[in-house]
Structures are given as C-alpha cells and as structure tokens.
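Asker: Chains as they are written, first to last, in this note's numbering: chain H, 75 to 269; chain L, 75 to 269.
These are calculated hints, taken from the structure and not from any lab test.
Treat the hints with care, as some may be off.
Identical copies look the same in the list; a pair holds intra-copy or inter-copy alike.
Mimicking DMTMM-like on lysine to aspartate or glutamate, the simulated pairs with C-alpha atoms at most 20 Å apart in a straight line are [to be verified]:
(1) Lys-113 with Glu-198
(2) Lys-231 with Glu-195
(3) Lys-238 with Asp-216
(4) Lys-113 with Asp-151
(5) Lys-113 with Asp-204
(6) Lys-259 with Asp-151
(7) Lys-259 with Glu-222
(8) Lys-259 with Asp-204
(9) Lys-259 with Glu-198
(10) Lys-231 with Asp-204
(11) Lys-113 with Glu-237
(12) Lys-113 with Glu-195
(13) Lys-238 with Glu-202
(14) Lys-259 with Glu-133
(15) Lys-238 with Glu-222
(16) Lys-259 with Asp-236
(17) Lys-113 with Asp-216
(18) Lys-259 with Asp-94
(19) Lys-259 with Glu-237
(20) Lys-259 with Asp-162
(21) Lys-113 with Asp-236
(22) Lys-113 with Glu-133
(23) Lys-238 with Glu-133
(24) Lys-231 with Glu-141
(25) Lys-113 with Glu-244
Number of protein chains: 2
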Amino acid sequence: MSHTAVQEQTKARPPLNGVDTPNLFATINAVAGNPPLAKFQFRARNSWVNGTHSRGTIETFYGAGSEHTHARTFTMDADHPAVLVGEDHAPLPVEFVLFGLVACVTGGIANIAAARGVTLESVEATVEGDMDLRGILGLSGDVRNGYESIRASFTIKGNAPDEKLRQIVEQAKARSAVYDILANKVPVDIGINVG
Amino acid sequence: MSHTAVQEQTKARPPLNGVDTPNLFATINAVAGNPPLAKFQFRARNSWVNGTHSRGTIETFYGAGSEHTHARTFTMDADHPAVLVGEDHAPLPVEFVLFGLVACVTGGIANIAAARGVTLESVEATVEGDMDLRGILGLSGDVRNGYESIRASFTIKGNAPDEKLRQIVEQAKARSAVYDILANKVPVDIGINVG
C-alpha cells in the first residue's frame, strides 16, 4: 500500500469495531516515514512458585522510539494438571501458546475489518495442538518435544459479503506475529546464571 | 534412560520442590509401557470483545487415553497497548508467547531438579523478544511479522554445585515443549467459517 493510498484511507475510515482507525493509519504513516519507530521489544518475567507452578509478570516494553509501561502490571500463572504431575493452579505453558495464536489473529481481524469499513458482529475461535509426550519424557529420540501440529478455526460474522469476511481472516493470518512465530523458526537463546 | 533405571530412581526419590517425584516416575513408566498414553491434545477458545481486546478460555484437554477437564475453567484476556492502537486491557498475544517459554522451562527445572534430588531455592527468569513492526504493518516485504529473536535468562539457586544446577537448566531447555515450538517449525492450519 503506498503512502498516498494510506492517507486517502485515513480520511475515509472513521473508528469502527472499537478500533481507532484514524490512529491506526496515522501509526502506519508515522512508521513508513521513520522506520526505526518500528523497532519493538516485548518482555516478561517469571518466578518459580512450587512444583510446576510459576508466576509471570508483564510490565514494560520498548517501541516507537521510547520505553513504555503497560496501563498496569499484568500477572499470570502457569502450572501442569494432575495427570502431568502438577496441581492445576493455572493453564499449561503450551496452552498459553495456543491462546496467543488465536488472540493475535483476532486482534488483526478487528483492525483489518475496521480499515476495510466492515462492522464486525462476532469473531469466535477454537484451537487445538497435538503433542506426543514421549518427547518431553525422554522416551523416544524420534518424537519432538513440542506440538506436532496446530489447528485453529475462526468463525466471523459481520456486515460484508462472505468472501470479504473470509479475506479479512486470511489477511489477519498473513500479518499475524504469533502465526509467523509458530509456523516459522525463531532464534531462541537461553542464558543461565547460577547462585 | 532405560526402563530399569527409571524404576530404580522411582524408589530413590521422594517428593521434592513440590514435585510428586514418585508420581512423575510412575507416569514415565506408564507411558514407556503403553506409548498411546503419550498422545495429548491441548485446546483453547477465544472470543473477540472489542477493538484488539479478546477473551480466551481453557477448559479441556485429551491425554493419557481419556478426556480431562481442568480444575476450573481458566480465562485470560489479550489486548494491544495504546501505542499499538489498543486499550491495554491485557498483555499482547506476543507477550503471552514469551511467558509461555519461561514458564515451560521453569516447570521443567522443578521436575528435573526433583528427579535429581536437588532442592531448589529459587528460579527467576527474564525474557525479551525483538520485533520490527514494518512486517505486521505491511510496510516491508523483507521484514517478518514475528519475533526476529528471543533471549531468555534463568537464575537458579539450590543445594547443588553450580555445574549441576546449570545442567538442570540445560536439560529443561532440551526437553521444553515451548522452546521446541519456538525454535522449530510447527505446521499451523487456520480454518475459516463465515456467518
């Protein structure tokens, strides 16, 4: 999309679906004119509680040229269920990954629908991931630790023809950060400090 | 680890770090003797709320040969902060992915430490991921949508020599489902239903 095309859409699209569409296009324009603004860094902390139970906090991030603090410090717990030798205080880490995928695509759907002038009625998603625990348990060298496959399904309702609604979901997938993270490799470095 | 070695460790290791170690080894033994028990499927649902804000639920999963329901239905929200055109009601989906990584490795550290007879004092982790938003915003075909790189750092304290503590973290990384999911590809299918 050219800069000029974006500016024309900026004039044409009021806020919709709870998305501040003029602000969305202003952000795209600002980044287009100053690419370093696009550099973001997201962060989390985690502390072991007991057994497989741990507690995370998400508070700050960098982006658009400066440090930011979220509206509040978000906390979240993770645990294993009893069948996986935990106390089921919270979702499994691998369940948070599934949620992250569908939440990311859903946010994209709302933004893209607003940008295209489509009023959404609802967006519902289900997602499932298959895992063979012989990997994690060290019982087979041929079985990976993580998901063998992930399947998500979106149901979208809004004031547009079926094909236009379908294209909004396709575009949200094509621009989803979490979809890209899962479907492609990310270099992950893990450092260790002792004592 | 051979079946016999596992059985010997089962006798040797009492519960530790809040981990029911005998149950952990019993699980490994049960799966070793009946590999279909290792088949798990994890699931999440998500509903769009408004703007970039959505709400997920995690309730059921399949594994060890039967359907399971978590101790309670877990709910979690995701949103974008203001600088990313949201209302900052909750963490970003990409922040949940970072939390999932460190929570997964932390749960593994607790289990592995217990299996090796090491009493943990604390496990703290930080994690950060770098992203260039020109991908998501459609401003550059050369920039990916997701994280360019992720760096986590673990600080572990416990009643063992430094090298043994370090090896526990290394083994937790080597058997982490979320590490594998991020560091390697997962086939992701997204279905679309309209209306």
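Asker: Does each hint hold? Answer for all of them.
Answerer: Against the structure, the hints:
1. Lys-113 with Glu-198: For Lys-113 and Glu-198, the Cα distance exceeds 20 Å both inside one copy (31 Å) and across copies (27 Å).
2. Lys-231 with Glu-195: within (5 Å within a copy, 51 Å between copies)
3. Lys-238 with Asp-216: neither (43 Å within a copy, 27 Å between copies)
4. Lys-113 with Asp-151: neither (28 Å within a copy, 25 Å between copies)
5. Lys-113 with Asp-204: Result: close only across copies, 7 Å inter versus 34 Å intra.
6. Lys-259 with Asp-151: Answer is neither: 26 Å inside a copy and 26 Å across each miss the 20 Å cutoff.
7. Lys-259 with Glu-222: both (14 Å within a copy, 9 Å between copies)
8. Lys-259 with Asp-204: both (18 Å within a copy, 14 Å between copies)
9. Lys-259 with Glu-198: neither (27 Å within a copy, 25 Å between copies)
10. Lys-231 with Asp-204: Neither way: Lys-231 and Asp-204 sit 28 Å apart in one copy and 34 Å across, limit 20 Å.
11. Lys-113 with Glu-237: neither (34 Å within a copy, 37 Å between copies)
12. Lys-113 with Glu-195: neither (33 Å within a copy, 37 Å between copies)
13. Lys-238 with Glu-202: neither (26 Å within a copy, 36 Å between copies)
14. Lys-259 with Glu-133: neither (26 Å within a copy, 29 Å between copies)
15. Lys-238 with Glu-222: Answer is neither; intra-copy 32 Å and inter-copy 31 Å both fail.
16. Lys-259 with Asp-236: neither (33 Å within a copy, 31 Å between copies)
17. Lys-113 with Asp-216: So Lys-113 and Asp-216 pass the 20 Å test across copies only (14 Å; inside, 38 Å).
18. Lys-259 with Asp-94: This pair counts as neither: shortest intra-copy Cα distance 32 Å, inter-copy 34 Å.
19. Lys-259 with Glu-237: Neither way: Lys-259 and Glu-237 sit 31 Å apart in one copy and 30 Å across, limit 20 Å.
20. Lys-259 with Asp-162: neither (30 Å within a copy, 28 Å between copies)
21. Lys-113 with Asp-236: So Lys-113 and Asp-236 fail the 20 Å test inside a copy (36 Å) and across (37 Å) alike.
22. Lys-113 with Glu-133: So Lys-113 and Glu-133 pass the 20 Å test inside one copy only (18 Å; across, 36 Å).
23. Lys-238 with Glu-133: neither (37 Å within a copy, 32 Å between copies)
24. Lys-231 with Glu-141: This pair counts as neither: shortest intra-copy Cα distance 37 Å, inter-copy 31 Å.
25. Lys-113 with Glu-244: Cα proximity of Lys-113 and Glu-244: none, with 25 Å in one copy and 30 Å across.
Hint violations for this structure: numbers 1, 3, 4, 6, 9, 10, 11, 12, 13, 14, 15, 16, 18, 19, 20, 21, 23, 24 and 25, all remaining hints satisfied.
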